[in-house]
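**Q** For the protein sequence lines, the chains are A and B, in the order given. Sequential numbering of the first sequence, starting at 1, is according to my numbering. Sequential numbering of the second sequence, starting at 1, is according to my numbering.
No lab work stands behind these hints, which were simulated from the structure alone. Remember, predicted model here, so these are calculated numbers, not experimental data.
Taking lysine to aspartate or glutamate pairs in the DMTMM-like style, the calculated list, with each CA pair at most 20 Å apart, reads:
{"#": "1", "chain 1": "B", "residue 1": "LYS41", "chain 2": "B", "residue 2": "GLU87"}
{"#": "2", "chain 1": "B", "residue 1": "LYS66", "chain 2": "B", "residue 2": "ASP88"}
{"#": "3", "chain 1": "A", "residue 1": "LYS99", "chain 2": "A", "residue 2": "ASP31"}
{"#": "4", "chain 1": "A", "residue 1": "LYS71", "chain 2": "A", "residue 2": "GLU26"}
{"#": "5", "chain 1": "A", "residue 1": "LYS68", "chain 2": "A", "residue 2": "GLU26"}
{"#": "6", "chain 1": "A", "residue 1": "LYS42", "chain 2": "B", "residue 2": "GLU107"}
{"#": "7", "chain 1": "A", "residue 1": "LYS99", "chain 2": "B", "residue 2": "GLU63"}
{"#": "8", "chain 1": "B", "residue 1": "LYS14", "chain 2": "B", "residue 2": "ASP88"}
{"#": "9", "chain 1": "B", "residue 1": "LYS64", "chain 2": "B", "residue 2": "GLU87"}
{"#": "10", "chain 1": "A", "residue 1": "LYS58", "chain 2": "B", "residue 2": "GLU107"}
{"#": "11", "chain 1": "A", "residue 1": "LYS57", "chain 2": "A", "residue 2": "ASP79"}
{"#": "12", "chain 1": "B", "residue 1": "LYS42", "chain 2": "B", "residue 2": "GLU59"}
{"#": "13", "chain 1": "A", "residue 1": "LYS5", "chain 2": "A", "residue 2": "ASP31"}
{"#": "14", "chain 1": "A", "residue 1": "LYS15", "chain 2": "A", "residue 2": "ASP84"}
{"#": "15", "chain 1": "A", "residue 1": "LYS99", "chain 2": "B", "residue 2": "GLU59"}
{"#": "16", "chain 1": "A", "residue 1": "LYS57", "chain 2": "A", "residue 2": "ASP84"}
{"#": "17", "chain 1": "A", "residue 1": "LYS99", "chain 2": "B", "residue 2": "GLU52"}
{"#": "18", "chain 1": "A", "residue 1": "LYS71", "chain 2": "A", "residue 2": "ASP53"}
{"#": "19", "chain 1": "A", "residue 1": "LYS99", "chain 2": "A", "residue 2": "GLU26"}
{"#": "20", "chain 1": "A", "residue 1": "LYS99", "chain 2": "B", "residue 2": "GLU107"}
{"#": "21", "chain 1": "A", "residue 1": "LYS57", "chain 2": "B", "residue 2": "GLU107"}
{"#": "22", "chain 1": "B", "residue 1": "LYS42", "chain 2": "A", "residue 2": "ASP84"}
{"#": "23", "chain 1": "B", "residue 1": "LYS66", "chain 2": "B", "residue 2": "GLU87"}
{"#": "24", "chain 1": "A", "residue 1": "LYS42", "chain 2": "B", "residue 2": "ASP88"}
{"#": "25", "chain 1": "B", "residue 1": "LYS41", "chain 2": "A", "residue 2": "ASP84"}
{"#": "26", "chain 1": "B", "residue 1": "LYS64", "chain 2": "B", "residue 2": "GLU52"}
{"#": "27", "chain 1": "B", "residue 1": "LYS14", "chain 2": "B", "residue 2": "GLU87"}
{"#": "28", "chain 1": "A", "residue 1": "LYS42", "chain 2": "A", "residue 2": "ASP84"}
{"#": "29", "chain 1": "A", "residue 1": "LYS57", "chain 2": "A", "residue 2": "ASP31"}
{"#": "30", "chain 1": "A", "residue 1": "LYS42", "chain 2": "B", "residue 2": "GLU22"}
{"#": "31", "chain 1": "B", "residue 1": "LYS20", "chain 2": "B", "residue 2": "GLU63"}
{"#": "32", "chain 1": "B", "residue 1": "LYS66", "chain 2": "B", "residue 2": "GLU22"}
{"#": "33", "chain 1": "A", "residue 1": "LYS68", "chain 2": "A", "residue 2": "ASP31"}
Here are some of the chain A residues that sit facing chain B, going by a computed Cβ distance under 8 Å:
{"#": "34", "residue": "GLY43"}
{"#": "35", "residue": "ALA45"}
{"#": "36", "residue": "LEU46"}
{"#": "37", "residue": "PHE89"}
{"#": "38", "residue": "GLY98"}
{"#": "39", "residue": "LYS99"}
{"#": "40", "residue": "LEU100"}
We put the beta carbon where it would ideally sit given N, CA and C, even for glycine.
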Amino acid sequence: QQQVKQSPQSLIVQKGGIPIINCAYENTAFDYFPWYQQFPGKGPALLIAIRPDVSEKKEGRFTISFNKSAKQFSLHIMDSQPGDSATYFCAASRTSYGKLTFGQGTILTVHP
Amino acid sequence: GAVVSQHPSRVICKSGTSVKIECRSLDFQATTMFWYRQFPKKSLMLMATSNEGSKATYEQGVEKDKFLINHASLTLSTLTVTSAHPEDSSFYICSATTARLAAAYNEQFFGPGTRLTVL
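The shape of chain B in the complex, shown without the other chains (with noise of 0.2 Å):
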């Protein structure tokens, strides 16, 4: 149980274009769904979180209007990025928590990542 999938896993676009990732909670419904970025041999930088129905908290540094978050039902978030550059390429990785599942340890089921290079 508690998988969460990413849709695509890797993605070339041209600079200028929009992209969308998928991240689905396939067996769980996700109060909360978080979106990662990161950098080879990097850790991972937390870009923001989404809950279900409202609009996402976005970290210190992150540009809402270029990297669009959509968490629309429980157990689908969209992130879009928008007038993507190379600069965004990047490793984007999704992760979901739900209070039911994750009790008090607020544990966290990661994606499998989405590789996006921008030409």
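Next comes chain A alone, as it looks inside the complex (with noise of 0.2 Å):
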């Protein structure tokens, strides 16, 4: 239950073109959604973050949309250039509790 399973575990795209990065979780007590980007490397930074009381959250090209009905949401990386080529996670975690449980990860490769 405390899984999060995201998908695919690799994509390439063109430049321009808009990837889309899906993840699903079994708990209902997560009530918080956040989206790191990792390079080779280096640590995790985080992206964009959403709460479930909101569908759809964006920030820049990066947006999260969210269906809690489904238990699922999904990054989608608007006008995608080649230096966002790196490894994105999504993870899951409850407030009160502070842990996050990480997805499998996405390789996004972005060609010029």
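Now that you have both chains on their own, put them together as the hints suggest.
**A** Following this line, the structure appears as structure tokens:
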């Protein structure tokens, strides 16, 4: 019940494309859903996060869509650039608890 | 703001020796720090949760006698890998959080990671 399942494992798009990464969770107690970007040899950096009281959040080129009834959330990257090539992790936690449960990660490659 | 540093960034040690990794919150007081382990092309695996001034809480399957965690102040937590073996080689990442910065979001700020290689 603590798992967060992320797909796809890897994704290749052309510059300007809109990669979409999906995550699904089981634990209905989760109420914080962040996305992290990680470059090789670096720690993860928070991209954007959402709480279940909204269905969509946009920050710059990054958008989270959230479907509470389906227990799914996704990351869309608009106008993707080669510099967006990285590994993306979704995660979930309970506000009162703080531990993050991470998805398996998606390796995104954006070709010029 | 909300910067977390780790030292060293890379360390190579001989089998059987102990290695200490530091995690510091540079511009905020971290009430809670987390330690993760990451294998190549894999996700982050939570090892333990560390609250300032109290004993760390280890995740199931993590040997507390091998991975000693100390959170002696609100800006510093240390992870000591004792009697290291080649299978302990990994990327270790810490994160820090504080109720004052994160409000209700429990946002965690991650360090840059430490690459440990045990020969």
